[in-house]
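Residue numbers (my numbering): 448 to 619.
To be clear, the hints were calculated from the coordinates, so they are not data collected in a lab.
Treat the hints with caution; some may be incorrect.
Stated by the list, open to error - Below, in silico cross-link-like pairs of lysine-lysine (DSSO-like), each with a Cα-Cα straight-line distance of 27 Å or less:
| id | residue 1 | residue 2 |
| --- | --- | --- |
| 1 | Lys514 | Lys558 |
| 2 | Lys606 | Lys495 |
| 3 | Lys542 | Lys495 |
| 4 | Lys495 | Lys558 |
| 5 | Lys558 | Lys521 |
As the list claims (entries may be wrong) - Listed next, with one range per pair, are the computed distances between beta-carbon atoms:
| id | residue 1 | residue 2 | range |
| --- | --- | --- | --- |
| 6 | Ala506 | Arg546 | 23 to 33 Å |
| 7 | Asp460 | Asp569 | 53 to 63 Å |
| 8 | Val466 | Asp557 | 24 to 34 Å |
| 9 | Gly518 | Val466 | 35 to 45 Å |
| 10 | Gln550 | Ile608 | 17 to 27 Å |
| 11 | Tyr562 | Arg463 | 37 to 47 Å |
| 12 | Ser504 | Val466 | 18 to 28 Å |
| 13 | Val552 | Val496 | 15 to 25 Å |
| 14 | Gly464 | Ile608 | 24 to 34 Å |
| 15 | Glu576 | Gln550 | 22 to 32 Å |
| 16 | Thr455 | Val523 | 49 to 59 Å |
For every residue, glycine included, the Cβ atom is placed at its ideal position computed from N, Cα and C.
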Amino acid sequence: EDKLTADTRHQMDLMRGRVHRMEALINGILQYSRVGRLQNQLSQVDIKVLLADVIDSLAPPPEFAVKVMPGMPKLVTERLPLEQVFTNLISNGIKHNHRQSGQIVISVTDKTEFYEFSVADDGPGIAPEFHEKIFVIFQTLEARDKIENTGVGLAIVKKIIEDTLLSPSWRS
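Given these sequences and hints, build the entire structure.
Laid out in structure tokens, this is it:
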């Protein structure tokens, strides 16, 4: 009967964690590389329903309140880019909160020619000197062994917004 020593079990746990981190990193790189290259079908997207689906898939801890404000529009658009943006932003709001409980509020403002969405959380915030850094691929503000993070999520958000959502076809 083979038994692992405590040290061997610890090393196996470390290796398992690193394999999961590497898988997340590879998946993130693939997602990043696909932004703007894949064209999805336009369809009517009810943002309220999309947000409910995103929140359900993230399964936030019961201590986290994710509140969707009224007035979410229905848009004729590609669903996937919006879903990815909201998923990454809400996930970050949960993952990087400094407390066990928290609140995320998602709102929208009709700017006549476009909609401005806001995903706000009650976490610690990001110091102004890091505002540009957080959107650079592979950049993290915390050690990777402290918080499970690849440094790809916000880079994907920025790329989707710049390459897809702000393109002339999305503005018309």
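Which hints from the list above does the structure break, by number from lowest to highest? Of the numbered hints given earlier, those the structure breaks are 6, 7 and 8, listed in rising order.
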